[in-house]
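**Q** The chain contents come next:
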Amino acid sequence: MKCRIWISMTVCLLQACSAGHAVSGDRPLPLQMADISATNRFGVVITTGKATVTGVMVAKYIDRVWKGALVNEFGVKIFDFISSPQACTLLNVVSFIDRRHVKKTIAADLRFLFEIDHPEYPPYRKAKRRIRQDTLEITCRSTTALRFADGNIRLENKKRGIVYLFTPLNDQKRNVSTDE
Amino acid sequence: MMYCRFVMFCFCLAGMLLPVASQDGYRQVSGAEAEEMRRNITAASAGMKTLRCDFVQTKTLSLLSEDLISTGFMTYRQPDMLHWEYVTPYHYVFALNGEKVIIESGENRSEIDVASGKLFREISAVIVSGINGRDIFNPARFGSQLMTGKDGCLVMLTPVQKEIRRIFDGILLYFNTRDYTVDRVEIRETGGDKTTIVMKNKKINTTAGNEMPDMD
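Taken in sequence, the protein lines are chains A and B.
Using this note's numbering, you'd call the opening residue of the first sequence number 1 and step up by one each time.
Using this note's numbering, you'd call the opening residue of the second sequence number 1 and step up by one each time.
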C-alpha cells in the first residue's frame, strides 16, 4: 500500500515537472524589451498625428515590476510608470499629456512592450509572432511591436495612431538575435 | 506680558522664515546690490555669442531611488542653437535650432519638427535661459530672487506661466562673479525630482559652434 502511494506521488511529481517544462519549451519568440538585471536606458521618440515627444527612458525591474521614467533630453520628467503583467500605471504625468485617454493608451502600450514576454500577460499567448528579414514582429489586435536586428524596437498602435521608437542607448545595447 | 509674547512670536516667525530666505549659505540681496548683480548678469549674457562647455548632469529619480549621472558637452550659439551631446554612460545627441530638433543615437538620426509642441518649446526656452542667463529677469516669464554667497551669486527663478509652473517648482542658477556666467543649474520639478547640471571648462565666444549639425 505504502509503495503504491509513493509510486503515485512520484508519477504526479514527474507529471508536474514535465508540464512546467512543456511551458518553457513552448516559449514563443521573445521581444526582450529590457534586461531584468540592469538599469535600461532608451532613446525614445513618440509620434502622434499632432505632436512628437522625445526623451530618454530609464527602466528597472524592482520588486517583480518594471519601474521607469521618461525624461526629456535635459532631464525634465515627462512621466513615471509602473508595469506588471496585470496593469501599468503612469504617475507624475506632465500637463500636456495628462489626459485620461492619453495616459490609458500610453500605459497599455508600455505594458505590451514590457510584459509581452511574461506568461501571465493575457496577450502572451494570443499575440502572433514571426520573423521577417531579421525583424521580429509581434502583433496583437491593432498593436504591432517590431524588434530590428540592431536592437531598436518600434511599436505601432494603429487604433490610436501612435508610433514609439526605442533605441537602446550605447552602454545598454545588447546584441540580440532573432534566432530562437 | 503681552509685549513679551509678541517679541517671542516675532522670533519664532523669523526662525521659520529664515531657512526659506537662505539657500546653502547664500543671503538674499535687494536694492542697489541686487540691481548691480542684475546688471552684471544681463551684460554678460548679452555679450555671449557662443558658449562651449563640458557638463555633468545628475538626475534624481524618486521612483527608482537612484541618481543617474551623465556627462557630455554642450555648445550654444545665439540666438537659439543648442547642441547637447551625452558622452557617458551612453552616446546621445540632441540638437535644437529654433523649431527643429535633431536626435542622434548610435547610427540613428531623426529630425523632428517641434513647431506643434508649444510646451516643448517653452521647456527648451527655460533651459536655454538657464544656460545663457538671457531673459531671466523678464517678469512675464519668471519671478526672481537674488542671493549672494562666497562662491558667487544665485538667482532663484519661479516660472510665471501656469503650464510651466506645473512642471518646474523652481530653477536655481548659480553664477560665478568672475564673468557672471552660469556654473550650475538646478531644476526642481513639482513631482520631487531634481536635475543638476554642472558646467565646466567653459569657453565663451571662441570657435564654438563647429558641432552644430546642418539643419537646413
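Check the hints yourself; a few may be wrong.
[Said to hold, decoys possible] Computed list of lysine to any residue pairs in SDA-like fashion (alpha-carbon distance at most 20 Å, straight line): (1) B/Lys194 - A/Val93; (2) A/Lys67 - B/Lys202; (3) A/Lys50 - B/Glu186; (4) A/Lys126 - A/Glu156; (5) B/Lys194 - A/Asn72; (6) B/Lys202 - B/Gly191; (7) A/Lys50 - B/Ile102; (8) A/Lys67 - B/Lys150; (9) A/Lys103 - B/Glu163; (10) B/Lys150 - B/Leu63; (11) A/Lys103 - A/Lys158; (12) B/Lys194 - A/Lys103; (13) B/Lys100 - A/Thr52; (14) A/Lys104 - A/Gly161; (15) A/Lys50 - A/Thr105.
The hints are simulated quantities; they were obtained by calculation from the structure and are not laboratory data.
None of these values were measured; they are calculated from a predicted model.
**Q** Starting from A/Lys103, check that the Cα of B/Glu163 is at most 20 Å away, please.
**A** 18 Å, holds
**Q** Within a Cα-Cα threshold of 20 Å, do B/Lys194 and A/Val93 meet the stated pairing?
**A** 15 Å, holds
**Q** Under the criterion that the straight-line Cα-Cα distance not exceed 20 Å, is the pair A/Lys67, B/Lys202 satisfied?
**A** Outside the cut-off at roughly 36 Å; violated.
**Q** For A/Lys50 and A/Thr105, compute the direct alpha-carbon distance and say whether it is at most 20 Å.
**A** Holds: A/Lys50 and A/Thr105 sit about 15 Å apart, inside 20 Å.
**Q** Given the hinted pair A/Lys67 and B/Lys150, is their alpha-carbon gap at most 20 Å?
**A** Between A/Lys67 and B/Lys150 the Cα gap is close to 41 Å, so the pair fails against 20 Å, i.e. violated.
**Q** Please verify whether A/Lys50 and B/Ile102 have alpha carbons no more than 20 Å apart.
**A** Distance ~18 Å between A/Lys50 and B/Ile102 Cα, so the pair holds.
**Q** If you draw a straight line from the CA of B/Lys194 to the CA of A/Asn72, is it 20 Å or shorter?
**A** 13 Å, holds
**Q** Regarding the pair B/Lys150 and B/Leu63, is the alpha-carbon distance no greater than 20 Å?
**A** 35 Å, violated
**Q** Please verify whether B/Lys100 and A/Thr52 have alpha carbons no more than 20 Å apart.
**A** Status holds; Cα separation ~11 Å.
**Q** Are the Cα positions of B/Lys194 and A/Lys103 separated by 20 Å at most?
**A** Judged against 20 Å, a Cα distance of about 23 Å means the pair is violated.
**Q** Mind checking the alpha carbons of A/Lys126 and A/Glu156 for me, to see if they're no more than 20 Å apart?
**A** 17 Å, holds
**Q** Measure nothing beyond the straight line between the CA atoms of A/Lys103 and A/Lys158; if it is 20 Å or shorter, mark the hint as holding.
**A** Satisfied, since the Cα-Cα distance of roughly 16 Å is no more than 20 Å.
Going down the numbered hints, you'll see the structure goes against 2, 3, 6, 8, 10, 12, while the others check out.
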